[in-house]
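Now for the letters of each chain:
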Amino acid sequence: MKESYGVTLPNMRVNDLVGKLIVIEGTDGVGRSTQITLLKDWLEERGHAVLNTGLSRSGLVGKGIKRAKEGHTLGRITLNLFYATDFADRLEHEIVPALRAGFVVLTDRYIYSLMVRAMIRGLDMEWIRNVYSFALKPDAVFYLRIGVDELIPRVVFSRGFDYWESGMDIHSTEDMYESFRRYQSALLEQFDKLAEEYKFKVIDANPEPRKIFEKLRAGIARVVEGEPAKSAQIAEGTVPFNPESRPAEAEAPKEKAETPLVAKPRGESSSTPVPPAEPAAVPVRDGD
Amino acid sequence: MKRYGDHRFPGRLFIVEGIDGSGKSTQLMLLHRWLRSEGYGVVFSEWNSSMVVKDTTKRGKKRKLLTPATFCLIHATDFADRMERNIIPLLKAGAIVLCDRYIYTAFARDVARGLDRAWVRDLYSFAVKPTVAFYFQVPLEVSMERLHGARAGFKFYEAGLDLGLSEDPDESFRVFQGRILEEYEQMVPEYGLTVIDATQPIEAQQEQMRQVVISKLEKAKQLRVAP
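Which chain is which? The protein sequence lines are A and B, in order. So for the first sequence, my numbering puts the first residue at 16; every next one is plus one. So for the second sequence, my numbering puts the first residue at 45; every next one is plus one.
Take these hints with a grain of salt, some might be off.
[Stated by the list, open to error] Computed from the model, here is a short list of chain A residues facing chain B with C-beta under 10 Å:
1) V22
2) R91
3) D101
4) E107
5) S173
[As the list claims (entries may be wrong)] Over 12 Å on every C-beta distance to chain B, these chain A residues come out as not near it, computed from the model:
6) E18
7) D43
8) A99
9) R144
10) F172
11) E240
12) G241
[What the hints assert, rightly or not] Listed next, the stretches of chain B that the computed footprint assigns to chain A, with coverage defined by at least 3 CB atoms under 8 Å from CB atoms of chain A:
13) 63 to 70
14) 98 to 105
15) 109 to 122
16) 126 to 139
17) 154 to 161
Just so you know, these hints were derived from the structure itself, not from any lab. Positions of the beta carbon are idealized from the N, C-alpha and C atoms, including for glycine.
Model the full assembly from the supplied sequences, consistent with the hints where possible.
Right under this line is the structure:
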């Protein structure tokens with residue numbers, strides 16, 4: 016049974032959504048799309064119909080966002096709401112119909128990426144949470160986690176720095192490298208907070224893609240097929256999130272991440288309108 | 045991030061609200077003329093006017109791609125763009141800003157389309173609280189009559205035809221606008237809207253409006269840009 020994080024949108028029936036909603040989250044350049052391609056093939060081979068979707072791809076808003084970003088002209092609240100519109104369009108027109116038809120929906124990022132971007136641009140956490148409270152709770156969120164020092168070579172040696180991925184809209188420095196580093200460190204820090212709150216399955220994104228794929232596969236098999244997990248796979252597949260266990264390299268840029276550009280979300284108390292996520296629906300081992 | 049009621053600016057923000065055919069746009073136009081003739085720096089900000097978001101909204105409406113949720117969110121996006129890049133800078137600069145429709149229009153319309161009342165209010169909580177929000181109160185029959193005299197047929201979303209309330213555009217419009225009217229009435233005490241009886245003669249309404257506006261400008265002589 017699916018439910019939203021808070022409000023239910025008009026005309027959205029959620030009681031007959033039989034498919035599985037699986038989110039792959041992670042920062043820019045961490046290898047999400049590679050994994051999703053592999054996962055789709057694998058799931059289809061196993062007989063599951065798969066819908067593969069991602070951010071800013073909706074028929075309604077996708078183009079508008081792209082154009083607006085080319086001009087670098089949107090305010091932070093506006094940009095966030097533009098993304099929210101895009102997300103709502105995809106939720107209503109792609110995700111929900113696919114779930115109703117029994118598909119496995121693999122989504123390349125979800126509201127969490129949008130929330131993190133808004134958080135580091137200084138928007139209120141409570142407000143952000145409320146905006147996205149119409150989102151469906153996924154069956155599982157797999158977070159591909161990487162430190163900023165491992166991330167930088169991947170990005171630089173593949174496609175170079177991107178204006179938005181470097182947070183150039185919020186950092187006044189002209190140095191793309193410096194800006195990228197600060198921006199991505201701030202993103203990772205916020206992701207870690209959400210990982211705890213929304214019970215992400217954290218996967219270390221440092222190993223080679225094949226290794227990461229194996230871990231994802233083990234986790235997803237349990238969500239989709241409810242396979243009795245072999246204990247070895249559990250231990251390897253999904254690491255319970257522990258902020259202390261971050262890779263040592265990720266500590267390095269910490270000072271920079273704590274510049275005033277990083278908003279302290281206020282009121283992270285239990286009085287927030289959206290309750291934190293239930294633990295994702297990976298079955299608990301009950302004496303197998 | 046400042047929320048509704050948190051902002052402090054030297055400028056003034058006057059807005060008008062009411063159902064279609066309430067005469068609010070005429071009244072705002074007259075107020076605009078008067079303020080200008082008095083030498084105030086006054087700027088008009090229209091609903092749905094942000095350049096960046098406009099194309100998306102237009103496309104969505106034309107192709108009927110919008111659901112109640114995306115209709116709501118795309119308008120919120122558009123409004124945010126106007127707020128961040130137009131209204132707030134103008135108010136900081138000390139201008140008098142006039143808006144034909146404001147967040148209350150969105151509250152009324154979106155709730156009439158079935159969205160959660162509290163959710164929509166929080167969504168728009170980044171908006172600046174107006175100095176005065178005028179609500180032009182008019183019975184549905186009167187507004188319908190005025191609209192029928194003025195133009196042929198209602199637009200798709202304006203008549204709430206996306207909701208499937210009725211096949212007949214007139215009937216759909218009546219039901220939808222009726223819901224909107226109920227929402228407005230709730231907001232009068234909730235947001236302290238200044239009610240103007242829109243069945244009065246145009247001149248009488250304008251006189252009332254100007255009295256209210258003057259009282260808010262007394263301490264703002266510096267807002268005059270010309271003698």
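- Holds or violated: the segment 109 to 122 of chain B covered by chain A, criterion of 3 or more residues with Cβ-Cβ distance under 8 Å? It holds, with 10 qualifying residues against the three required.
Quick one, is the A/E107 hint okay against chain B at 10 Å, beta carbons?
At 5 Å from the nearest chain B Cβ, A/E107 passes the 10 Å test, so the hint holds.
*asked:* Just want to verify: A/R144 was marked as not at the interface with chain B; is every Cβ pair farther apart than 12 Å?
replied: At roughly 10 Å from the nearest Cβ of chain B, A/R144 sits no farther out than 12 Å, so the non-interface label is violated.
Taking a Cβ-to-Cβ distance below 8 Å as contact, does the segment 63 to 70 of chain B have at least three residues touching chain A? With 0 residues close enough to chain A, the hint is violated.
Handout entry: A/G241 and chain B, when compared Cβ to Cβ, separated by more than 12 Å
Key = 32 Å, holds
**Item:** Distance rule for A/A99, whose beta carbon must clear each one in chain B by more than 12 Å
**Value:** 5 Å, violated
- Query: Do the numbers back the hint for A/D101, that is, is its least Cβ distance to chain B under 10 Å?
  - Reply: With Cβ-Cβ at 9 Å, under 10 Å, it holds.
Handout entry: Whether A/F172 stays farther than 12 Å from all C-beta atoms of chain B, as the label says
Key = 34 Å, holds
- Message: Just to be careful: measuring from the Cβ of A/V22 to every Cβ in chain B, is the smallest value less than 10 Å?
- Response: 4 Å, holds
Exercise for review: Find the nearest Cβ of chain B to the Cβ of A/E18 and say whether that gap is larger than 12 Å.
Suggested key: Answer for A/E18: holds, closest chain B Cβ roughly 15 Å.
Minimum beta-carbon distance criterion (10 Å), A/S173 to chain B | For A/S173, the interface hint is violated, since the closest Cβ of chain B sits about 30 Å away, which is over 10 Å.
For the segment 126 to 139 of chain B, do at least 3 residues have a Cβ located nearer than 8 Å to some Cβ of chain A? With 3 residues close enough to chain A, the hint holds.
The earlier numbered hints that this structure contradicts are 5, 8, 9 and 13.
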